[in-house]
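Place chain Y on chain X using the hints.
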Amino acid sequence: MEDKNNSRRKFLGKGLKLGLVTAIGGIGLTKLATNLNAKNNNHSEDKMELMTTDGTLIQVDSSEVIEMNHSQDHDKKHNVREGFPNRKFVMVVDLAKCKNALKCQSACNKHHYVTGDNAWVKVYKMQESKDTAPYWMPTTCQHCDKPACVTVCPVDATFKRKDGLVLIDNERCIGCRFCMAACPYSTRVFNWSEPKQGETSEITMEMDMEHHDHGASDPEHAGVPSIKGTVDKCDFCPHSIQNNELPHCVTACPNGVFYFGDKYEDTVTNGEETVRLSKLLTDKAGYRLLEGLGTEPSVYYLPPTDRLVDFEDGLKHYTEFQSVEKPE
Amino acid sequence: MKNYDTLIKDLAPKKFGKRGVIWIIFLIAIIIAGIIAYIDQIIKGQVVTNMRDYALWGIYISNFVFFVATSFVGSVTVAILRLTNNTWRTPLVRIAEIISVAAIIMAGITIMIDMARPDRILNLFIHARLQSPITWDVIIIPTYIVISLLLLYFPLLPDFAILKKYFKEEKPSLSKRYGFLSLNWTGSKAQKILQEKSVKIIAIMIIPVGILLQTIDAWLFSTTYRVGWDSTNFAPYFISGAFVAGVGALVTVIYIVRKIKKLEYYITDSHFDKMGKLLVLACLIYLYFNINEYLIPAFTAKKGEAVHLDTLFTGHYATLFWLVTIGGLVVPIVVLLFKKGRKPLPMFFIGLIVVIGSWWKRYVIVTPTLLHPFLPIQGVPESWRHYFPSLHEWLITIATLAMALLIITLLVRYLPVIPIQRTADEQELLKTDKNTKS
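Heads up: the protein sequence lines correspond to chains X and Y, in order.
Residue numbers for the first sequence, in my numbering: 17 to 344.
Residue numbers for the second sequence, in my numbering: 8 to 445.
The shape of chain X in the complex, shown without the other chains (with noise of 0.2 Å):
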């Protein structure tokens, strides 16, 4: 009886300084148990070659190797007010190559059902002073890394991410608009009325909506659907990100103008060429809006000179008074 008792206090003991192993060991020490048993247990002298994720051959016995289905969320897994883990997203904007094509307004539009008077990505028509060259200027959201935007914001509706996204919880902003008084960059737009996305686009915002809570406006999916008395902005994207996409006016521009990339891996991309963040900046003297503010963009701009193209081309889109086209 008494050595019954003990084998199984033993037993028990043994099992959860296992489990506890187990538990501080993680997935590692699991896949390394369940290997060694692969290993004693069949002997198939079937190898099969296969790369890692980090680009090394490595040889695996084909017995092992078991086929499994595409993960549909475990890149989604990151926390929405957090961001993606160990990424910080940038953009340049090369100044030389805009001719105010405006494609990345209307794709922007498109894929974020912009059905108001303002839209989120702006080509504004500027000139420092009268003696100096006109250009064109695309604005997104700047998506400051000091943003005046969060620091007013009374509710957290709108916060900074790790990743350097600044983004907007729809389901908590109260409308004060105060973000709106703070933001130096003019970005933000409001829902002053019930959004009109409904009838056009319902279909397609369906399928975006697949993937979360039913009905409900989610950061990551920015005017998606856009919600009455509240503010919408440029997201940066993070839907297209998260599928390995580039956002929308950066594959729209057929000009290559913007560059979009991560600050880490110091690079970004305009979807023909990837260069180095820092030695593009460097080369082409970039810069940023209204550095003296003090906001810290994560937007960077490059400036107009060697033009390839004449500011005059530019005129025949240039429409004053509209950014968001109209249904006849």
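Hints were generated in silico from the structure; no laboratory data involved.
Please note that a few of the clues may not be correct.
[Claimed, not checked] Chain X regions said to be covered by chain Y (calculated; three or more residues, Cβ under 8 Å):
1. 125 to 136
2. 194 to 200
3. 238 to 248
4. 330 to 338
[Claimed, not checked] Derived lysine-lysine pairs resembling DSBU-like cross-links, with alpha carbons at most 30 Å apart:
5. Y:K310 to X:K300
6. X:K63 to X:K126
7. Y:K310 to X:K146
8. X:K212 to Y:K51
9. Y:K51 to X:K162
10. Y:K51 to X:K126
11. X:K176 to X:K162
12. Y:K9 to Y:K178
13. X:K178 to X:K300
14. Y:K51 to X:K342
15. Y:K309 to X:K141
16. Y:K172 to Y:K196
17. X:K244 to Y:K51
18. Y:K269 to Y:K183
19. Y:K310 to Y:K16
20. Y:K178 to X:K162
21. X:K342 to X:K104
22. X:K141 to Y:K310
23. Y:K16 to X:K146
24. Y:K309 to X:K300
25. Y:K22 to Y:K268
Glycine included, C-beta positions come from ideal geometry on N, C-alpha and C.
Frame of chain X, contents of chain Y only:
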């Protein structure tokens, strides 16, 4: 000297006359129109206003600032005059407290009207973030409401007891209500000491809280980068502006109350003279801060500032700007510097001009700045480059003003507008003074 009984008879609340009833109906009609407009705004969204992405704040905000400013009168007249032992304040303080209470309550309501999602108001508490100036406002406004109410209520205790006795025969139910409000005030020494102490503490408390309230109101604007708001001068500028608006409102209301309640015996020309001096002091201080605010930026004329000041001095807002500056500030100073200007009737008109000027002044502070952002206004309908309130905004705003007037009217109706007990005490004091002298 009037005897005690006529004193009570003079100062006890009286029923509305015909004019009073018409006035109340008029106010309620305006309020109903405003409520209908507000419901429409809730249903359709703030698209019914003329605010848009650039002029993102409008008269709701400037009206809010006006109410906050006017509520400062409680701090100034009541607390400061009390602490500086200015005995001439006695017949004026209660009306000042009433204005203060009405204005700060309406400020709280007005700021909610501007919120596009009033249904989410609890988020301000659930998700409150301390670094937002709006959260500071959420803290300071209720605080000021409570302190203002207490400052109105505590000195009323002895008067409620008097009224309880006074109405005992004629209107037992009214007497009962006054009795309930008097918290069993008997006038015993212990009670008097306690009341004196409480009033003193609140009178001291309301000064920093009042100054903080105005300061936070200024910080709502000066914590942004906007040209015309981004000013270190803003808090004292707002405090002094509130001083002007508050005393202006006080003068106006007191003139009307005195006329309607026939209180000429208690509120004399000399009271108006003193208030006139107070108002001219307020205006001079405000003028000083205005010079700081508008002339010094004009001196360096940084580009943004220059554009902003141009629209104020000579541009789109020039008429309004000079009207509120000359009419609402310089003219009152000039008139009030003369003794004849400090007689009741001219004081009434000056007070009225000052109040109207103060209201439009806030409009001039809020709107032009928003229409001059750092990046040019492009890609939006032409109408978004201007702002003038829509019918909805006017209806709602006028309704808030009517509501403030209604609160004032009702309080003036049911409360003794001049402290009965204190007046009696002081007159006794005068008598005994004379006796001892002779």
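Verification of the supplied hints:
1. Counting residues of the stretch 125 to 136 of chain X whose beta carbon lies closer than 8 Å to any beta carbon of chain Y gives 3, which reaches the threshold of three, so the coverage claim holds.
2. Counting residues of the stretch 194 to 200 of chain X whose CB lies closer than 8 Å to any CB of chain Y gives 5, so the stated coverage by that chain holds, three being the minimum.
3. A count of 3 residues in the stretch 238 to 248 of chain X with a Cβ less than 8 Å from any Cβ of chain Y is obtained; the coverage claim is therefore met, three being the minimum.
4. Counting residues of the stretch 330 to 338 of chain X whose beta-carbon sits less than 8 Å from any beta-carbon of chain Y gives 4, enough to reach three: the coverage restraint holds.
5. Pair hint K310 of chain Y plus K300 of chain X holds up; C-alpha atoms about 28 Å apart against a cutoff of 30 Å.
6. Only pairs whose Cα atoms come within 30 Å are accepted, and K63 of chain X paired with K126 of chain X is rejected, the gap being roughly 50 Å.
7. For the given pair, K310 of chain Y sits about 14 Å from K146 of chain X by alpha-carbon distance, which is consistent with the 30 Å threshold.
8. Only pairs whose Cα atoms come within 30 Å are accepted, and K212 of chain X paired with K51 of chain Y is accepted, the gap being roughly 12 Å.
9. Restraint check: the Cα-Cα separation between K51 of chain Y and K162 of chain X comes to about 35 Å, which exceeds 30 Å; the hinted pair is violated.
10. For the given pair, K51 of chain Y sits about 25 Å from K126 of chain X by alpha-carbon distance, which is consistent with the 30 Å threshold.
11. For the proposed pair K176 of chain X and K162 of chain X, the alpha carbon gap of about 9 Å is at most 30 Å, so the pair holds.
12. Simply put, K9 of chain Y and K178 of chain Y have alpha-carbon atoms about 25 Å apart, close enough for the 30 Å limit, and the pair holds.
13. For the proposed pair K178 of chain X and K300 of chain X, the alpha carbon gap of about 27 Å is at most 30 Å, so the pair holds.
14. This hinted pair checks out: K51 of chain Y and K342 of chain X have alpha carbons roughly 20 Å apart, not beyond 30 Å.
15. Only pairs whose Cα atoms come within 30 Å are accepted, and K309 of chain Y paired with K141 of chain X is accepted, the gap being roughly 22 Å.
16. Of the pairs offered as hints, the one joining K172 of chain Y and K196 of chain Y holds, with about 19 Å between alpha carbons and a cut-off of 30 Å not exceeded.
17. For the given pair, K244 of chain X sits about 9 Å from K51 of chain Y by alpha-carbon distance, which is consistent with the 30 Å threshold.
18. Restraint check for K269 of chain Y and K183 of chain Y: the C-alpha separation of about 27 Å stays at or below 30 Å, so the hint holds.
19. For the proposed pair K310 of chain Y and K16 of chain Y, the alpha carbon gap of about 64 Å is over 30 Å, so the pair is violated.
20. For the hint linking K178 of chain Y to K162 of chain X, the alpha-carbon distance of about 65 Å lies beyond 30 Å, and the restraint is violated.
21. With a CA separation close to 35 Å, the supplied pair K342 of chain X and K104 of chain X exceeds the 30 Å bound.
22. Restraint check: the Cα-Cα separation between K141 of chain X and K310 of chain Y comes to about 18 Å, which is no more than 30 Å; the hinted pair holds.
23. Note on K16 of chain Y and K146 of chain X: the hinted pairing is violated, with a Cα-Cα distance of about 76 Å set against a maximum of 30 Å.
24. Distance check on the hinted pair: K309 of chain Y and K300 of chain X sit about 29 Å apart at the alpha-carbon level, within 30 Å; holds.
25. Using a Cα cut-off of 30 Å, the hinted pair K22 of chain Y and K268 of chain Y holds, with the two alpha carbons roughly 11 Å apart.
Violated hints, in rising order: 6, 9, 19, 20, 21, 23; the structure is consistent with all others.
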